[in-house]
Structure formats: structure tokens, C-alpha cells
Amino acid sequence: MVKFRSNRLLAALLLAILMDPTGMAHAQSRPQGLRIGIFAPSDGNFSILGEQVDQGVRIFADTAPGSIVDIVDEPDNCDAESGADAASAFVEAGVDVVIGFLCMESLASALPILSSSDIPAITLGVRSELVSEDADRFGWEFYRLAPSVADESDKIAETIATQWSGKPLALIDDGTVYGRELAESVRLALETTGIKPVFVDNYRPSQEKQFPLVRRLEKSGATHIFLGGDRPDAAIIARDAAEAGLELTFMGGDALNAPDADPPLANGVFAVMLPGAETLDTAAAARAVFERTETPANGYRIPAFAAAQIALASKRSAEMADTSVAQEMSKGAFRTALGPISFAADGDRRDNPMRLMVWRDVEFVPADSQ
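Using mature numbering (1 follows the signal peptide of the UniProt record, and there is no 0), the letters of the sequence shown correspond one by one to residues -27 to -1, 1 to 343.
Certain hints may be false.
[Stated by the list, open to error] Subject to a maximum C-alpha distance of 25 Å in a straight line, what follows is the list of computed SDA-like cross-link-like pairs (lysine to any residue): (1) Lys304 <-> Asp52; (2) Lys304 <-> Ser90; (3) Lys140 <-> Ser193; (4) Lys182 <-> His197; (5) Lys169 <-> Val122; (6) Lys140 <-> Glu106; (7) Lys192 <-> Val171; (8) Lys140 <-> Ser40.
[Claimed, not checked] Pairwise CB distance ranges (calculated): (9) Ala306 <-> Gly6: 22 to 28 Å; (10) Thr268 <-> Phe111: 19 to 25 Å; (11) Asn230 <-> Arg289: 52 to 58 Å; (12) Pro313 <-> Asn271: 19 to 25 Å; (13) Ala217 <-> Lys140: 38 to 44 Å.
Honestly, the hints are just simulated from the structure, not real lab data. Backbone N, C-alpha and C define an ideal beta-carbon position, used for all residues, glycine too.
Put together the whole structure using the sequences plus the hints.
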């Protein structure tokens, strides 16, 4: 009789578990531990960037033994087909999050597929605002650690408004899509603060000398110049202005963060740019981890490390709250190697990672440290 009674109790317990979606069966079916997908280039010219992403995630995984139970790699060919194929593979593998996405085309095709399975995608490289607008419109699980296009122009306008207030301002650009749109975005942002440039002009890029432009700047009376263009042109314009005896202050955008050329960039040229993640104070602990493994910390390694930090924190919160990783990621505030990170409704970072830097001898340094 005792045996019969025990069997009846066991059967009742099993039936209750099966009928209760919040019970033990549900808890045991939920995968424990974080499963990360890495989507980055593995071939061609961009394979070195993919290697950086892979190293960043895996080195973080080594700091949290047992917490990350699987890492799935899929190659990004920077086209729509590879994005869709990889997204389907990640869904099949049951990953919790996908990190990488250095290319716009593959990100755009992967997002709907991943989001349909509630898998968040963290991009380390795509800056286009189109993807965040679509993500907000369609409810995609999109999160961006890279700056957006607007972050650059917003930081430039903020810098001009706060540090160049009252200075005769010129806005010049090289006529390219990047230069023209950046200068125009800055101009429109400044209009909202009541700041109007005394001179707006463009110049022909890739010229050996820029004295005609320098003479126009002199005639305008401008002393502070924002330049929407690349580093070689900025160096030539600054050099020619100095040779003409003008004391002008120049500032450019993230395009100035490029290898030096001939002529070299003059000391004192400012740039609003994304600083190397490995130079951030908040990355000190992560740098030490990379040093112990004798791995460089530059490129996408620290951002990938930070993305994995966010993913693991979201997974742990989801397991405790019985929610999804995407839900926790959307509302969380995370301490990472990139600093404190939280996301807006469209998936963009709430902070602006762009910084004002100044050229000193061989490198850009934070302007507030000069």
C-alpha cells in the first residue's frame, strides 16, 4: 500500500508540473549559462577586425569560468545573405545574444530574424542611424556600442557652443558626402543655440596647397575653424595658415583619427573622435587581463569584452527575474570596460562616447589633459 500511495503522489506531482507553465519543468527547460554568438568577418581584408572581436569575447569568457557555456562563430561577409544565414544559424544554436556586426548590410538582414526569437544583437561598428530608426519602428532587439552618426555632430556642436562661444567661427568642408553632411549637421545644431558662423565655405580636397582657402578665411575674420574633411587636407590647411601668419584654431571630426602623412598634423589641432577603448580609465582592469594573455587590447577587443560583460550581466538578471536577456539588456545599467552603459529605446547608447582630443607630437590626447 505504501508503494501504491507513493506512485500516486509521484504521478500527481508530475501532472502538476506539466500543467503549470511556471513550475519546475519550465525552470529546468531554460538553458543555464550564457550562450554567445559572434558575427564578424573571418576572411579578406576585414578578417583582422573579426579576430579582434573574437579575442575580446573569448578573453572575457576566460575571466568568468562556467558562466559562458558556449560561443558560436558565424562569418560576416558584409552582405545581406550572410546576415540572414548567420541569424538563422544562431537561432538554431539557441544563443542568448550575438556580438559583432561591423557591417550595415548584414546587420539589417539579421535583425528581423534574431528579434523574432528574442535574441539581442550588439553592434560594435555600425554607426548609421537608419538601423536604429528601423529597430525602434519594428521593435527589433538592437543595441549599439559604437557611436551613432549623430553623436559626432552633436559633440562637435556642443564643443563649439561651450568652448568657442563668442569666437568668430567658420565652417568649411571638402564637398564629400561625409564632410558636407557633417558640417551641415553642425550648422543646424548650432542654429538652435543662436550661434551663426561668420563664414561658410568648401574647398577642393587633395590639393598640395590651400592658400586660396586660407586667404578667404583671413578675409572673413574667422579665428576658429571647424573643418569637415580628412586628415591630410586638415594638415595642409593648418600648415598654409601658419605660413601665412594666421593664428587660427582648427577642429575636425573623427576622420582626423587616421595615420599621419606629409605634411604632419600640427600640434594643437583638435578633433572630436572616438578615443581608443584601450586608453579609457574604465578599461584598466580589462587591459590587465589582455596583458596577462599577451594579447593587444586595441581595436575591437575592448568593445567586444564590454559587450560580453553586458551580455553576462543581462543573462544573470534574466535568470533571477525569470525574464529574457533582451528585456534585461533594454532596461539595465551596466558597468563595463567602456564605462557605464545603458541603452535608449532605439538601442543607442544613452551616453555620447565621442571626446574632444588634441594632437600632441605623435598622438591625440584628451583635450582636458593638455
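How the hints compare with the structure:
Straight-line distance between C-alpha atoms of Lys304 and Asp52 comes to about 31 Å, which puts the hinted pair past the 25 Å bound. With a C-alpha separation of about 19 Å, the suggested pairing of Lys304 with Ser90 holds against the 25 Å cut-off. Proximity of Lys140 to Ser193 is assessed by CA-CA distance (about 13 Å); at most 25 Å being required, the pair is judged to hold. For the proposed pair Lys182 and His197, the alpha carbon gap of about 20 Å is at most 25 Å, so the pair holds.
Only pairs whose Cα atoms come within 25 Å are accepted, and Lys169 paired with Val122 is accepted, the gap being roughly 22 Å. At roughly 36 Å between alpha-carbon atoms, Lys140 and Glu106 are farther apart than 25 Å, so this suggested pair is violated. With a CA separation close to 11 Å, the supplied pair Lys192 and Val171 stays within the 25 Å bound. Straight-line distance between C-alpha atoms of Lys140 and Ser40 comes to about 54 Å, which puts the hinted pair past the 25 Å bound.
Look at Ala306 against Gly6: about 23 Å separates their beta carbons, and that is inside 22 to 28 Å. At roughly 38 Å, the beta-carbon separation of Thr268 and Phe111 lies outside the given 19 to 25 Å, and the hint is violated. Taking 52 to 58 Å as the suggested C-beta distance range, the pair Asn230 and Arg289 does not conform, at roughly 35 Å. With their beta carbons about 22 Å apart, Pro313 and Asn271 fall inside the hinted range of 19 to 25 Å.
Distance hint check: the CB atoms of Ala217 and Lys140 are about 19 Å apart, inconsistent with the given range 38 to 44 Å.
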